[in-house]
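S.K.: Each chain is listed here by its residues.
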Amino acid sequence: MIEIKQLAKQYGNIQAVAGLDLIIDAGEIFGLLGPNGAGKTTTIRMLTMLTRPSGGSAFINGCEITRDLGRVKKEIGVVPQHINLDLELTARENLELHGRLHKMPGAERRRRIQELLDYVELADRAHDLAGKFSGGMKRRLMIARALMHRPGVLFLDEPTAGLDPQTRRKIWDLIRRMNGEGMTVLLTTHYIEEADALCRRVGIMDRGRLIALDTPAELKKKVGEIVVEAHKQGETEYRFFTGREQALEYAGNLTKNVTIREADLEDVFVELTGRKVGD
Amino acid sequence: MSWYPIVWEELIYLRNKFWLHLVMYTLSPLIFLFAFGFGVGQRLQLMMPGGISYLDFLAPGMVALALFNNGVNSVIIRMFYTRLFYNSFEAYQLAPMNSFFLWLGYTLSGTLRSLLAAAVVLGVMFLAVPGLVLTRAFGLAVVMAAFCFGSLGVCVGLWLRSFDDHALANEFILVPMTFLSGTLIPVERLPGFLQQCVWLFPLTPVTELLRSTMTERGWDVTLAALTAGWFVLFFFIGWLTIKRLGN
Ligand SMILES: Nc1ncnc2c1ncn2[C@@H]1O[C@H](COP(=O)(O)OP(=O)(O)O)[C@@H](O)[C@H]1O
Ligand SMILES: [Mg+2]
Chain A
1 MIEIKQLAKQ
11 YGNIQAVAGL
21 DLIIDAGEIF
31 GLLGPNGAGK
41 TTTIRMLTML
51 TRPSGGSAFI
61 NGCEITRDLG
71 RVKKEIGVVP
81 QHINLDLELT
91 ARENLELHGR
101 LHKMPGAERR
111 RRIQELLDYV
121 ELADRAHDLA
131 GKFSGGMKRR
141 LMIARALMHR
151 PGVLFLDEPT
161 AGLDPQTRRK
171 IWDLIRRMNG
181 EGMTVLLTTH
191 YIEEADALCR
201 RVGIMDRGRL
211 IALDTPAELK
221 KKVGEIVVEA
231 HKQGETEYRF
241 FTGREQALEY
251 AGNLTKNVTI
261 READLEDVFV
271 ELTGRKVGD
Chain B
1 MSWYPIVWEE
11 LIYLRNKFWL
21 HLVMYTLSPL
31 IFLFAFGFGV
41 GQRLQLMMPG
51 GISYLDFLAP
61 GMVALALFNN
71 GVNSVIIRMF
81 YTRLFYNSFE
91 AYQLAPMNSF
101 FLWLGYTLSG
111 TLRSLLAAAV
121 VLGVMFLAVP
131 GLVLTRAFGL
141 AVVMAAFCFG
151 SLGVCVGLWL
161 RSFDDHALAN
171 EFILVPMTFL
181 SGTLIPVERL
191 PGFLQQCVWL
201 FPLTPVTELL
211 RSTMTERGWD
221 VTLAALTAGW
231 FVLFFFIGWL
241 TIKRLGN
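Protein sequences, first through last, are from chains A and B.
Residues 1 to 279 in this note's numbering are what the first sequence spells out, letter by letter.
Residues 1 to 247 in this note's numbering are what the second sequence spells out, letter by letter.
A hint or two may mislead.
Unchecked claim - Below, computed lysine-lysine pairings styled on PhoX-like, alpha-carbon distance capped at 25 Å:
| id | chain 1 | residue 1 | chain 2 | residue 2 |
| --- | --- | --- | --- | --- |
| 1 | A | K132 | B | K17 |
| 2 | A | K74 | B | K243 |
| 3 | A | K256 | A | K232 |
| 4 | A | K103 | A | K74 |
| 5 | B | K243 | A | K103 |
| 6 | A | K132 | A | K170 |
| 7 | A | K5 | A | K74 |
By construction, these hints were calculated from the structure, which means they are not laboratory data.
These numbers were taken from a predicted model, which means no experiment stands behind them.
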């Protein structure tokens with residue numbers, strides 16, 4: 001379980017994270033969704049103690065992150081946004097380094113390495129340098145590494161950014177499987193469909209603040225489940241409806257080009273922020 | 001032993017490019033030996049204080065240079081790339097290891113490189129300089145120097161933010177030290193004001209300590225204390241900087 005209380009980070013004039021309050025239950029996949037610059041990475045970096053918070057506190061499985069640093073580090077696995085493997089080491093050596101850093105005894109370390117290489121389907125590339133891997137393979141190796149020491153809580157910062165659709169689905173399956181084995185997962189993403197596909201609950205972040213928090217279904221219900229898009233001279237107008245009938249009735253009165261469809265998290269985002277993700 | 005994984009990683013780098021390193025470590029003393037020792041060296045005989053041969057003067061200087069260049073540069077480059085380009089430094093920050101052991105791991109990696117290079121240079125010197133005698137005091141001086149330069153590498157490596165910084169560190173710190181610290185030219189033969197200034201470089205007491213332990217002058221407490229003093233200073237700067245990362 002992760003408990004976040006008034007967590008904040010100030011960079012000069014920029015309030016990267018402005019007093020975040022959030023409780024993530026044990027065993028859930030929670031998604032932080034938001035555009036670039038929303039403060040997602042800063043939040044994760046604070047929770048994993050790579051960046052010191054300028055205010056507030058956070059507890060991971062009951063340990064306060066700044067005071068019980070040693071225990072927190074054993075409890076968490078981290079897959080950061082950027083590749084941070086040692087590219088001059090082989091896949092196997094990267095995992096071995098991590099096992100050594102976590103003081104895993106030799107026999108257990110070797111067993112775990114083999115298990116994880118199989119798990120992320122890199123066993124046949126174990127002795128290749130990480131620097132020669134594709135983006136998706138590097139990402140999978142980073143996930144394997146984060147799991148080496150059997151953490152109970154996993155942080156994934158944009159785990160599928162820049163990957164092709166097949167690889168992305170592979171990683172989704174991996175995340176679901178780890179969660180199925182009891183792991184609590186906090187992931188960030190700016191892909192709406194990723195949050196929709198994976199997360200039990202989603203927090204929408206914008207400019208350092210949490211502006212919505214619920215299950216994907218509830219969030220969609222709140223803005224209205226049916227959307228009518230009216231296209232006119234390159235501009236699109238959105239209207240949200242709770243039922244199909246009202247939507248049809250409204251659309252029938254329009255002379256413009258219209259589209260009727262089910263709402264997705266992107267609509268929730270546009271409604272809440274007045275901007276599109278990625279703007 | 002929390003520091004060991006960092007050294008283990010360094011051993012893998014060394015293993016992967018073993019022959020390259022061996023050639024590198026052998027090449028630079030050979031260049032100095034041919035250019036200065038056998039080349040200009042004959043002429044420099046005149047300016048040797050106390051009438052020792054230039055080769056005898058050069059031998060400890062070259063060991064000092066090997067210790068310095070490899071100790072400092074290997075850590076600087078490793079920290080530079082792992083922190084700023086590959087971010088693999090984070091792997092250590094995320095591990096349950098406190099900042100002291102993180103500092104120690106990097107320092108020992110530099111120490112190891114420093115000692116390896118010095119061993120190769122000594123091997124070359126044995127073949128080139130007749131009558132070279134190694135004392136226990138000399139061995140101790142070499143080890144102290146290697147620690148000192150490993151820890152200096154950590155300080156500079158932590159301070160770098162860009163390629164420009166790297167170039168600056170080279171131009172203003174490393175290169176002047178290489179040539180002015182009594183390694184190739186006796187401090188006594190530098191222009192007057194420089195003779196005092198070069199004692200601000202950590203390489204100067206190290207070179208002089210190596211030289212004195214290689215000759216019958218033996219162990220010099222002042223020089224040893226200066227070397228140890230630099231080490232302590234570098235330790236505090238490096239360790240506190242690591243502690244403050246992430247603010
Ligand atoms: N090290 C830093 N120094 C200064 N500003 C930063 C730093 N890291 C992030 N920021 C700023 O904090 C804000 C949030 O960034 P970030 O957490 O990376 O957002 P996200 O991951 O949601 O895209 C941005 O405005 C960013 O420019
Ligand atoms: Mg980010």
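S.K.: Is K103/A close enough to K74/A, meaning Cα to Cα at most 25 Å?
M.R.: Roughly 10 Å separates the two Cα atoms, so the pair holds.
S.K.: Can you confirm whether the C-alpha distance between K243/B and K103/A stays at or below 25 Å?
M.R.: Answer holds: K243/B to K103/A is near 21 Å, not above 25 Å.
S.K.: Please verify whether K5/A and K74/A have alpha carbons no more than 25 Å apart.
M.R.: At roughly 22 Å apart (the allowed maximum being 25 Å), K74/A and K5/A satisfy the hint.
S.K.: Are the Cα positions of K132/A and K17/B separated by 25 Å at most?
M.R.: holds, 17 Å
S.K.: Would you mind confirming whether the straight-line C-alpha gap from K74/A to K243/B stays at or under 25 Å?
M.R.: holds, 19 Å
S.K.: Assess, step by step, whether the Cα of K256/A is no farther than 25 Å from the Cα of K232/A, and give holds or violated.
M.R.: holds, 6 Å
S.K.: Run the distance test for K132/A versus K170/A: straight-line Cα separation, threshold 25 Å.
M.R.: holds, 20 Å
Consistency with the previously given hints is maintained throughout, with no hint failing.
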